[in-house]
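Residue numbers (the numbering used here): 119 to 355.
These are calculated hints, taken from the structure and not from any lab test.
Any given hint might turn out to be false.
[Unchecked claim] Each pair of labels, with its calculated beta carbon distance range:
id : residue 1 : residue 2 : range
1  : A182      : A220      : 23 to 33 Å
2  : A272      : D184      : 52 to 62 Å
3  : S330      : A272      : 18 to 28 Å
4  : P188      : P154      : 35 to 45 Å
5  : Q226      : Q130      : 17 to 27 Å
Predicted model only: the values in this text are computed from it and were never measured.
Every residue gets a Cβ at the ideal spot worked out from N, C-alpha and C, and that includes glycine.
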Amino acid sequence: MADKAAWRSREQQAQADFAHAIQQFRPYLEDLPEGPRALDAMTEALLRFGTCEIRMRRAARLRALDIDEPEAAALVESALAHHERGLAALPEVRSIAAALAARPPDDQELARWREASPAMLADWHEQLAGLDIGESDARHLARIMRECHEAVGADGLPGLSRHLTAQLDELERVRRSDDRGTREASFPWWKIVAAAAILGMTAYAVWVLIMSGAPWWNFFLVALVACVMMLLVAMGC
């Protein structure tokens, strides 16, 4: 009984920590009417997916050890219900992609992004280098930021819209697959895709900071990497 209570406590703490981390970006999305709503929907979807995987893993451990089959069955049923609720939240996230598509940039805005992009990518690499992750995962996280920057650099916010839509399509695809994107790796693939979607959403905030001449976008990247790591490490596997 004490073990079950401790497990529940860890699950709740992981949820609370991730929700707090991702909601730090809310103020940067509020000038876009769809922004806060999309962020809430993304938070809901990822919390549901994470809860699903935390419960599925506990059920698998119980069954591997031949302990408490009724609890294991209840955990699986609950996990799959959370999974379906997560899928149901994803369509609302797409509202921000539609809004971004309607905001074509001018040449001056694109030039400012392209000028700032190399420094941001270098800073992102520095952040990743300080994390205790494997080289494959570091490459994945470097790649998804680079792809996001390339999409924005191509034609601004419409490019970001297409990139974010592609990430959401992939997230839905892998979560609907037989293993829900949890194939063996230090970080399951659905989390890498989810991290790419988070980067896509928050790239709009970085765009706004750069266009307004804000000198502190590097602090934003520190918060972003903390949020991504909260997703990768704490929210189920």
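Hints and how they fare:
Between A182 and A220, the C-beta spacing of about 51 Å breaks the proposed range 23 to 33 Å. The supplied range of 52 to 62 Å is met by A272 and D184, whose beta-carbon atoms lie about 55 Å from each other. Taking 18 to 28 Å as the suggested C-beta distance range, the pair S330 and A272 conforms, at roughly 22 Å. Taken as a hint, the range 35 to 45 Å holds for the pair P188 and P154, whose Cβ atoms sit roughly 41 Å apart.
In this structure the hint that Q226 and Q130 lie 17 to 27 Å apart at CB is violated, the actual value being about 48 Å.
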